[in-house]
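J.: Respectively, the protein sequence lines represent chains A and B. According to the working numbering, the first sequence is numbered sequentially starting from 1. According to the working numbering, the second sequence is numbered sequentially starting from 241.
I should point out that these hints are in silico values taken from the structure, not numbers from a laboratory. Warning: the hint list may mix true and false statements.
[Unchecked claim] Quick list of in silico lysine-lysine cross-link-like pairs, DSS-like style, CA-CA up to 30 Å:
{"#": "1", "chain 1": "B", "residue 1": "K445", "chain 2": "B", "residue 2": "K399"}
{"#": "2", "chain 1": "B", "residue 1": "K399", "chain 2": "A", "residue 2": "K216"}
{"#": "3", "chain 1": "B", "residue 1": "K399", "chain 2": "A", "residue 2": "K119"}
{"#": "4", "chain 1": "A", "residue 1": "K119", "chain 2": "B", "residue 2": "K242"}
{"#": "5", "chain 1": "A", "residue 1": "K216", "chain 2": "B", "residue 2": "K404"}
Residues per chain are reported as follows:
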Amino acid sequence: MDPILRIIHVSKTYIQGEVITPVLEGVNLDVFPGDYIALMGPSGSGKSTLLNIISGLDSPTSGDVIMNSESIVGLNETRLSRWRHENIGFIFQSYHLMPVLSAFENVELPLLLFEMPRKERRERVEAAMSIVGLDDRIDYFPRQLSGGQQQRVCIARAIITDPTIIIGDEPTGNLDYRSTDDVLELFDILNGELGKTIIMVTHDPHAAKHAKTIEKLEKGRLLNSEEKALDNTSDPHLLT
Amino acid sequence: MKWFHVILKNLFRNRRRTILTMAAVALALFIFTMLQTIMTALDISVAKGPGETRVAVIEKYGGPRTQLPISYWRRLVRFDHVISATPMGYTVTSVGWGDEYYVALLVDPETYREVFPTASRMVTGEQYQQFEKVRNGVLVGLEIMRKYDWNVGDIVKLKSLQHKTTMELQICGVLISNDRENQQFETQMLVNWNYYEGLIDNPGKVNIFWLRLDGPGNTLSVINNLVNYYSAGPYEVSVETESSMLNRLTSYTATIQLIIRVISTVVLFTILMVTVNTIALSTRERRKEIAVMKAIGFTPNTVLWMIVIEAVLISIIAGLIGTMGAYFLFNTKGLTISLGLTFDFLVRPSIVAAGILISIAIGAISGFIPAYNASKINVIKALHNL
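Based on the sequences and whatever the hints tell you, model everything.
T.: Here you go:
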């Protein structure tokens, strides 16, 4: 099976005046369809930078990022925006929903960039809201929803365009114990049942345990991958 | 535009700020429309009328404030190409002890009709005949009649401010304008010049002689003949066409127009700055949301257009309120400013169109810079972390 995403010898160095800070050094990573990868590492190890490069929000200083045989390095901002729209679904730590839009409208937002009839948009939003278990909160505004519910709306927004990869940066970082489990269960469903490819940055070993693969970053380098068998029956809280 | 509802929701995310901004823009456009209307009115007043077939003879050095002897009248009608001549004076009057002032034009009824046929048609023929017959007759503007609940035939007392005298006048008719161009007559009065002469200490003086000529082609020669003829007399005269006369009477229209232009520009520039600030503030507040939109696929151009359209919507709604408000006030309510001259305070469609176009421009210009900055937002910096 061919990888859908290839990170080839990617390095990233930030230069501010005379200060040169290498963040990533020669990172290689292949992501296959249906992967569920947790990126872990201490603060400053380059997790978020790698995630930004994978999602086309940042560009590497050297190396290449290839998705479906197409390099995204060097694409201009407009083409990158379109590429992200088609290929990446974002789940943010702080949800980042539009406060003036209802849950429905927030989820619908990425679809507005497609030529899609309103009826079809509604059907797709309702289906996504149903997957995340919020079909009864469709007209609620973010302020009327709990943190866990807002994160589920964010997940619905991330999957609405059926992206190639779902990217999560600390998706459970702002959630309480119960909501964390709900969201991780949802990730398990998205990956296990719907076959979505997920790459998630997390500090939380409990969250990481849900991933199939844990990639550890340290000082800008990927350490050995640890294959993790998905074990939905184990008590995740024992790991925390 | 599928994302129009998103723009609308953003537009009213801070209702108070949006409404206040709209109010400011609306007020600016109202002022602009009003000023442009006044400017246009000045232009029209100067340019309209029978044009160059009516000329005014005034004292050369003092203008209409200095008076000419009435004896000139008989001689003036004998000049070539002069059909008719009529003397005209004016006095500012008040009714009783009230503080409302009105311009009373002092006219010779018979010749006034010959020189100003349009103005004399604002009363019925019967009423004008009565005005000619009754020495202390007066024709009163409709607005004044209504205000004081006067009727034709009433005897009214008016005080002249210049000569500190009281006129006891019989109302012979009501000046009703059939078109908006002569509407200022509804706040004026025509008093028999002969009657007024009898009340004052130094009669026999006239502010202006108006001449009606037989055609516009002879205006220049008539002016030259008159100026030459009186150059050796005790009172040198200046002869001006109606348009230049109006210029004089409007206290130098060009200066007024320049002031109006400056005020209009300052008002529009100020409101532009206010709108730029509002839109910039609004976009700064939602940097993260804009960053998220860019992250999920909105291109920089789409973000730019969304914000520009938002700014244009604010300004165009406000612009419509401002210009249409002025239109309603001037054209429907018939707001007029009586300066004793033929001012036509009508908001013309071209001014409304200009106001709306300017409001669109204000929105586009004020929205563009914040929109451009927003479209260039660095997603990573704006969100800190994904």
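J.: If a hint holds in the structure, say so; if it doesn't, say that too.
T.: Hints, verified against the model:
1. Simply put, K445/B and K399/B have alpha-carbon atoms about 20 Å apart, close enough for the 30 Å limit, and the pair holds.
2. A C-alpha spacing of about 100 Å is found between K399/B and K216/A, which places the hinted pair above 30 Å, so the restraint is violated.
3. Proposed proximity of K399/B and K119/A is contradicted: the alpha carbons are some 78 Å apart, above 30 Å.
4. In summary, the hint linking K119/A to K242/B is supported, as the alpha carbons are separated by about 13 Å, within the 30 Å threshold.
5. Proximity of K216/A to K404/B is assessed by CA-CA distance (about 103 Å); at most 30 Å being required, the pair is judged violated.
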